[in-house]
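Asker: Throw the hints in and build the complete structure from the sequences for me.
Residues per chain, in single letters:
Number of protein chains: 2
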Amino acid sequence: MKKHNFSAGPAILPASVLQKASEAVIDLNGIGLSILEISHRSKEFIAVLDRSVELVKSLYQVPDDYAVLFLSGGASTQFFMSAMNLLDDSGKAAYVDTGSWSSKAIKEAKQFGTVEVIASSKDKNYTYIPTGYAVPQDATYLHLTSNNTIFGTQFRTFPKTTVPIVCDMSSDVFSRQIDINQFGMIYAGAQKNMGPAGTTLVIIRKDLLGKVNRTIPSMLQYQIHIDQDSCYNTPPVYPIYVSMLTMEWIEEMGGLPVMEAQNKLKAEKMYQAIDSNPLFEGTVRPEDRSWMNATFILKDGSLESLFLKECDAAGISGLKGHRSVGGFRASIYNAMPLESIGVLTDLMDSFAQKHG
Amino acid sequence: MKKHNFSAGPAILPASVLQKASEAVIDLNGIGLSILEISHRSKEFIAVLDRSVELVKSLYQVPDDYAVLFLSGGASTQFFMSAMNLLDDSGKAAYVDTGSWSSKAIKEAKQFGTVEVIASSKDKNYTYIPTGYAVPQDATYLHLTSNNTIFGTQFRTFPKTTVPIVCDMSSDVFSRQIDINQFGMIYAGAQKNMGPAGTTLVIIRKDLLGKVNRTIPSMLQYQIHIDQDSCYNTPPVYPIYVSMLTMEWIEEMGGLPVMEAQNKLKAEKMYQAIDSNPLFEGTVRPEDRSWMNATFILKDGSLESLFLKECDAAGISGLKGHRSVGGFRASIYNAMPLESIGVLTDLMDSFAQKHG
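Just so you know, the sequences run in chain order A and B. Just so we're aligned: 212 in this note's numbering is position 212 of the first sequence, and the numbers increase by one with no gaps anywhere. Position in the second sequence (first residue = 1) + 1000 = this note's numbering.
Check before you lean on any hint, since a few could be wrong.
[As the list claims (entries may be wrong)] Below, in silico cross-link-like pairs of lysine to any residue (SDA-like), each with a Cα-Cα straight-line distance of 25 Å or less:
no., chain 1, residue 1, chain 2, residue 2
1, B, Lys1124, B, Gly1301
2, B, Lys1043, A, Leu308
3, B, Lys1043, A, Ile297
4, A, Lys43, B, Leu1303
5, B, Lys1107, A, Ile226
6, A, Lys20, B, Ile1031
7, A, Lys107, B, Tyr1232
8, A, Lys110, B, Ser1218
9, B, Lys1003, A, Gln19
10, A, Lys20, B, Leu1209
11, B, Lys1002, A, Lys269
12, A, Lys43, B, Gln1228
13, B, Lys1003, A, Asn29
14, A, Lys104, B, Arg1041
15, B, Lys1320, A, Ile26
16, A, Lys107, B, Leu1209
17, A, Lys309, B, Asp1027
18, A, Lys320, B, Asn1029
19, B, Lys1110, A, Thr215
20, B, Lys1104, A, Arg41
21, B, Lys1110, A, Leu209
22, B, Lys1043, A, Pro14
23, A, Lys320, B, Cys1231
24, A, Lys107, B, Ile1226
25, A, Lys269, A, Arg176
26, B, Lys1002, A, Ser42
27, B, Lys1002, A, Ile316
28, A, Lys43, B, His1322
29, A, Lys107, B, Arg1041
30, A, Lys320, B, Ala1047
31, B, Lys1309, A, Gly30
32, A, Lys3, B, Gly1030
33, A, Lys110, B, Gln1228
34, A, Lys2, B, Ile1026
35, A, Lys20, B, Asp1027
36, A, Lys43, B, Ser1305
37, A, Lys43, B, Ser1218
38, A, Lys110, B, Thr1215
39, A, Lys104, A, Lys122
These aren't lab readings, by the way, just hints derived from the structure by calculation. Given the structure is predicted, the values throughout are model-derived calculations rather than measurements.
Answerer: Structural data, given as structure tokens:
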């Protein structure tokens, strides 16, 4: 039976990407060797890495004063590594707290300087994106989480400020057009829109580096990874390769303008189904709803397990909400086809007819 | 044409592992989803992780007072993370310097306490394993690199000491039987004997932790990864999966006694060919020669490129020595068949007949 994969991450990847990714495990481009067993310094892998950097630059129109890195350790490593590299002991960084991921970033950054939480939506269980705050002009950077996978919120626009924005885009990277010049640094774990788990994209404006005084282990210095083109040590070869395939797919589909249009359409269909159905209810303030993760509940919580059972029977997987919030979460990343959303919304309708 | 993959790492994996690894990218165990797109908290992946830990424990007969972790960031991250977690500012660690990898580990550890290099083979370009040194009784740990991929040296036995040994086994993990009780901690990047690049095995005696006073970012604390069963954040799912398949293959082949016997046989065949051939010369003191990476040179260096060209024509790949030392290096890990070594040694013989 065809599965409709609504998992929040690691998440659905395009079928054509999976096909190529599977073939390369046996033989990469007919060289007679698997992508899993070639040296990271072979010309074949250097070509993969170069192409991956080129794709990031072309999709986001990244200017030359930024570096593009493929690291490991996930966004959780970037929570502290960004502060370790950018924030001096005597410096201050501003953070907007939009839930779990921001909270973790805040906690880790505190080891390296002063952290000022300038806005938070904690008062309403992170169901909205805060507005109306001022960014302190003396902040080294402003940290944001562009999309919160757990609560289902997303920044529609980013604050206008001259303070460099450091943005965790793990769950909406490559999902829409952005002006890269608004950001000092972007980081993203691959496992939603970019590829499988195991690599982390970092895009960083190079002039932000070299301004802290602490001693940093080599593997944690952005500058070393920049100088070594992400090959200071053996990088996560296969996750980078599959990320390259996924970015090629994005490009072939028409790039970020097309992703954005499709994601908007898919999100509208999803939220329309939630709003029009008397049994279900969205959990996020409408203007802050994520185009990537639609969170909702059954007004009658006692029907939850029955609904999940019907989902399972219809081949819908990964719909259960995050263990810290409950309810449901439809993760509808780039690779999610409109048809699969239709299967879910049809099921919601028929469920309402039976149980409404 | 069949390729004979002598790459030092990422390196050859068993053909049956690659076959299963390729299939799982399309569909994992018939669940209708790819291993690349399932949640790391799904029951399918938890089963992979549990099985991987179980295999490590069974292959090395790991007692219950040790924890088994699958992390990311490579051995290069362990160079500093081991010292960061084990060595207090006021403490001292002893290191044996057997070349590049040890040297990097020494450099990184110096940030966290006193590092005493108690032995080194630098005087002879790391062509032997030092002996006859005393391990200071007040050292927090003794750090060793069990096998040096670049120079082709390997500890045949480990020093007898009551000081806990921290050992980088990246390039000979699961290649032979060891007594795990001799070690306080073992770490190994997967990309030689264990799997593809992207995950790092850590086996650590739990009582060594909790003894340093510094503040450590969450992602760098072994204790947090232990408490969260390697799922504090999204782990490198696919590299762990393929490592599991490779460990299953090792088990099916008969486990470490069989790996050890085969590796010994393969190494003997390789070194016998080097020693008996008038054109070639081994670079390492015979008793310290690695069973994993056989390093050798052509006495007449001007023939090098011609030999590599003939290797290429015979389907032999990855034989060029590390860029920092030159010459040749035949990496003959667990998955390397005796037949492929035969192809190489036959070529060396015929090369000698033509050019000797």
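Asker: For every hint, state whether the structure bears it out.
Answerer: Structure-based check of all given hints:
Distance check on the hinted pair: lysine 1124 of chain B and glycine 1301 of chain B sit about 20 Å apart at the alpha-carbon level, within 25 Å; holds. For the hint pairing lysine 1043 of chain B with leucine 308 of chain A, the CA-to-CA distance comes to about 16 Å; that is within 25 Å, so the pair holds. Restraint check: the Cα-Cα separation between lysine 1043 of chain B and isoleucine 297 of chain A comes to about 23 Å, which is no more than 25 Å; the hinted pair holds. Pair hint lysine 43 of chain A plus leucine 1303 of chain B holds up; C-alpha atoms about 23 Å apart against a cutoff of 25 Å.
Proposed proximity of lysine 1107 of chain B and isoleucine 226 of chain A is supported: the alpha carbons are some 20 Å apart, at most 25 Å. A C-alpha spacing of about 20 Å is found between lysine 20 of chain A and isoleucine 1031 of chain B, which places the hinted pair at or below 25 Å, so the restraint holds. As the CA atoms of lysine 107 of chain A and tyrosine 1232 of chain B are separated by approximately 15 Å, the hinted pair is consistent with the 25 Å bound. For the proposed pair lysine 110 of chain A and serine 1218 of chain B, the alpha carbon gap of about 12 Å is at most 25 Å, so the pair holds.
Annotation: proposed proximity of lysine 1003 of chain B to glutamine 19 of chain A holds, straight-line Cα distance about 23 Å (limit 25 Å). For the suggested pair lysine 20 of chain A and leucine 1209 of chain B, the alpha carbons sit about 43 Å apart, so the restraint of at most 25 Å is broken. Taking the CA atoms of lysine 1002 of chain B and lysine 269 of chain A, the gap is about 51 Å. The hint is violated against a cut of 25 Å. Straight-line distance between C-alpha atoms of lysine 43 of chain A and glutamine 1228 of chain B comes to about 38 Å, which puts the hinted pair past the 25 Å bound.
A distance of roughly 14 Å separates the Cα atoms of lysine 1003 of chain B and asparagine 29 of chain A; the hinted pair therefore holds under the 25 Å criterion. A distance of roughly 19 Å separates the Cα atoms of lysine 104 of chain A and arginine 1041 of chain B; the hinted pair therefore holds under the 25 Å criterion. Simply put, lysine 1320 of chain B and isoleucine 26 of chain A have alpha-carbon atoms about 23 Å apart, close enough for the 25 Å limit, and the pair holds. At most 25 Å may separate the alpha-carbon atoms for a hinted pair to count; lysine 107 of chain A and leucine 1209 of chain B meet this at roughly 22 Å.
Between lysine 309 of chain A and aspartate 1027 of chain B the alpha-carbon distance is near 22 Å, which keeps this suggested pair within the 25 Å criterion. Straight-line distance between C-alpha atoms of lysine 320 of chain A and asparagine 1029 of chain B comes to about 22 Å, which keeps the hinted pair within the 25 Å bound. Proximity of lysine 1110 of chain B to threonine 215 of chain A is assessed by CA-CA distance (about 11 Å); at most 25 Å being required, the pair is judged to hold. Between lysine 1104 of chain B and arginine 41 of chain A, the direct Cα distance comes to roughly 19 Å. Compliance with the 25 Å bound is thereby established for this hinted pair.
This hinted pair checks out: lysine 1110 of chain B and leucine 209 of chain A have alpha carbons roughly 23 Å apart, not beyond 25 Å. For the given pair, lysine 1043 of chain B sits about 23 Å from proline 14 of chain A by alpha-carbon distance, which is consistent with the 25 Å threshold. For the given pair, lysine 320 of chain A sits about 19 Å from cysteine 1231 of chain B by alpha-carbon distance, which is consistent with the 25 Å threshold. About 20 Å separates the Cα atoms of lysine 107 of chain A and isoleucine 1226 of chain B, which keeps this hinted pair within 25 Å; it holds.
Proximity of lysine 269 of chain A to arginine 176 of chain A is assessed by CA-CA distance (about 17 Å); at most 25 Å being required, the pair is judged to hold. Restraint check for lysine 1002 of chain B and serine 42 of chain A: satisfied, since their Cα atoms lie roughly 18 Å apart, inside the 25 Å limit. Between lysine 1002 of chain B and isoleucine 316 of chain A the CA atoms are separated by roughly 43 Å; this puts the pair beyond 25 Å, and the hint is violated. The straight-line distance between the Cα atoms of lysine 43 of chain A and histidine 1322 of chain B is roughly 15 Å, inside the 25 Å bound, and the hint therefore holds.
Pair hint lysine 107 of chain A plus arginine 1041 of chain B holds up; C-alpha atoms about 24 Å apart against a cutoff of 25 Å. Pair hint lysine 320 of chain A plus alanine 1047 of chain B holds up; C-alpha atoms about 19 Å apart against a cutoff of 25 Å. Distance check on the hinted pair: lysine 1309 of chain B and glycine 30 of chain A sit about 20 Å apart at the alpha-carbon level, within 25 Å; holds. At most 25 Å may separate the alpha-carbon atoms for a hinted pair to count; lysine 3 of chain A and glycine 1030 of chain B meet this at roughly 11 Å.
For a cut-off of 25 Å, the pair hint linking lysine 110 of chain A to glutamine 1228 of chain B stands: about 22 Å separates their Cα positions. A C-alpha spacing of about 13 Å is found between lysine 2 of chain A and isoleucine 1026 of chain B, which places the hinted pair at or below 25 Å, so the restraint holds. Simply put, lysine 20 of chain A and aspartate 1027 of chain B have alpha-carbon atoms about 13 Å apart, close enough for the 25 Å limit, and the pair holds. A threshold of 25 Å between alpha carbons decides the hint, and for lysine 43 of chain A with serine 1305 of chain B the separation of about 18 Å falls inside it, so the pair holds.
Between lysine 43 of chain A and serine 1218 of chain B, the direct Cα distance comes to roughly 36 Å. Violation of the 25 Å bound is thereby established for this hinted pair. Among the hinted pairs, lysine 110 of chain A with threonine 1215 of chain B is consistent with the structure: their alpha-carbon atoms are about 11 Å apart, no more than 25 Å. Between lysine 104 of chain A and lysine 122 of chain A, the direct Cα distance comes to roughly 14 Å. Compliance with the 25 Å bound is thereby established for this hinted pair.
Hints 10, 11, 12, 27 and 37, counting from the list given before, are not met by this structure.
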